[in-house]
Amino acid sequence: MNNYKQLSDRERYLIEQYLNVDQLGVNQIAIKLNRSKSTISREIKRNSTNSEYESNSAIFNAKNRELLKHDLTIPKYTEFLIFFNENYDKKYLGVASCVQVAKAQNIETPSSRTMYNWINNYWLGLKPKDLLRTRQVFFRKSQAKPRVFGTLPTDATPISFRPTYINDRSEEGHYEIGLVISSGQRNTGLLTLVERKTRMGYVTKVYGKHMQHINEKLEFLIHQYKLNIKSITKDNGMEFNSLFKLKEKYDFRLYTCNPYASSEKGTNENFNGIIRRTFPKGTNFSNIPDNEIQLVIERINKMPRMILGWKLSQELFETYNY
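Take the sequence shown: its letters are residues 1 to 322, numbered as in UniProt numbering.
By construction, these hints were calculated from the structure, which means they are not laboratory data. Keep in mind that the hints are not guaranteed to be accurate.
Straight-line Cα separation of at most 27 Å, DSSO-like style, residue types lysine-lysine; simulated pairs [unchecked claim]:
no., residue 1, residue 2
1, 103, 226
2, 249, 197
3, 302, 197
4, 311, 90
5, 247, 197
6, 91, 205
7, 209, 226
8, 230, 209
9, 311, 103
10, 5, 37
The calculated label-pair distances, taken between Cβ atoms and stated as ranges, are [as the list claims (entries may be wrong)]:
no., residue 1, residue 2, range
11, 108, 21, 47 to 55 Å
12, 187, 60, 53 to 61 Å
13, 183, 10, 42 to 50 Å
Just so it is clear, CB atoms sit at the ideal spot from N, CA and C, and this is done for glycine as well.
Input sequences plus hints: build the corresponding full structure.
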C-alpha cells in the first residue's frame, strides 16, 4: 500500500532555506524533513533554476500537476494561470475580474464558473475561504411606495418621489452621500460621495459629524474635483440635515431615504463596503494618512466592475466629461 504524501508548501519553503541558505546536502534535508532521499532529490532536480531551488515556482508547478490530474483542459490555460497567480487580489481583482482582464489582453481563459469549480475543489492552491465572498445573498428590491413621515425640516424630497431617470441610472450626475466612521473613534471618519451611473467615488476625511463641518467637506469635494452635481440622495443621519443649504448654491436636488432604510442608497453603501475591505471596522482613520486613503479610493475607481460590463468607474466617468 502506497502511503506517500505530497510535499507541503511549508516543506518546500524549508527545502529552499536548507539548500540555498544553510547549504545542507540532500541527505541532511531528507533527515530534517523525515522524507526519503529520493523524494528530496527529485524535488530539487525538478524545480531548480541556475542551480538554485525556488520554492514558489515548485509550489506553482505542483498545483498545476495536481490540476492536470483532474482536468485535462488545463494545459490550454497555462498562460492564464500564470496571469492569475501574479494578479489575483481578493480585494480589488477577484476571480471573475481576472478572467475579464485576461480576455481583454487576448489570453485564452476558462469561464468564471470553471475557475470557481477548481477553487472549490482545492485545485488552484486557493480555498473557498480565500475568496472575498463565499456565498452571495440577493435581496429582491421592494417596490417603493410614496411615504412621507411628518414634516421635513431638512427640505429634502422623499426618495419615493425620485424620478425614474435617476432610479434607472440613465442620466449621469446623480450622487449618493454617506459616512464611514472609525469604530470607537467617533471624531474621525470618511465622507463618501458616489455617482450612481458610473459608481465613481470621492472621499475626504472628516473630523466629527457636525452638520456645518459635513457641508464644508462636501463643498471641498465639489471644488476639488469640479463636480457637476444634479442630485444627492442621503439617509436620515442628523449630520446631513443641513445639506439643503447647499442646494441653491450648487443647483442640485436633495432626496432622502425612508427612516431606517439606508439600503435605499445602495450604491454608496456598496462603495463603503469596498473601502472596508482595506480599512475594516475598528480602523482609526485619524492614524491613516490622507494619501494612503486616496490611493485606496483610486484603486477602487480603477477596478473592473461586472455591473459596468467590466469597465472602470473612472474610465466611464471621464467619458461623460461632466
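Evaluation of the provided hints:
With a CA separation close to 34 Å, the supplied pair residue 103 and residue 226 exceeds the 27 Å bound. The suggested pairing of residue 249 with residue 197 holds, with an alpha-carbon distance near 23 Å, which does not exceed 27 Å. Our distance criterion of 27 Å between C-alpha atoms is met by residue 302 and residue 197, whose separation comes to about 15 Å. For the hint linking residue 311 to residue 90, the alpha-carbon distance of about 18 Å falls within 27 Å, and the restraint holds.
Between residue 247 and residue 197, the direct Cα distance comes to roughly 21 Å. Compliance with the 27 Å bound is thereby established for this hinted pair. In summary, the hint linking residue 91 to residue 205 is supported, as the alpha carbons are separated by about 22 Å, within the 27 Å threshold. For the suggested pair residue 209 and residue 226, the alpha carbons sit about 24 Å apart, so the restraint of at most 27 Å is met. About 24 Å separates the Cα atoms of residue 230 and residue 209, which keeps this hinted pair within 27 Å; it holds.
For the hint pairing residue 311 with residue 103, the CA-to-CA distance comes to about 13 Å; that is within 27 Å, so the pair holds. At most 27 Å may separate the alpha-carbon atoms for a hinted pair to count; residue 5 and residue 37 meet this at roughly 14 Å. About 39 Å separates the C-beta atoms of residue 108 and residue 21, a value inconsistent with the hinted range of 47 to 55 Å. Take residue 187 and residue 60: their Cβ atoms lie about 47 Å apart, and the range 53 to 61 Å is violated.
With their beta carbons about 35 Å apart, residue 183 and residue 10 fall outside the hinted range of 42 to 50 Å.
The structure fails to meet hints 1, 11, 12 and 13 from the earlier list, while all remaining hints are met.
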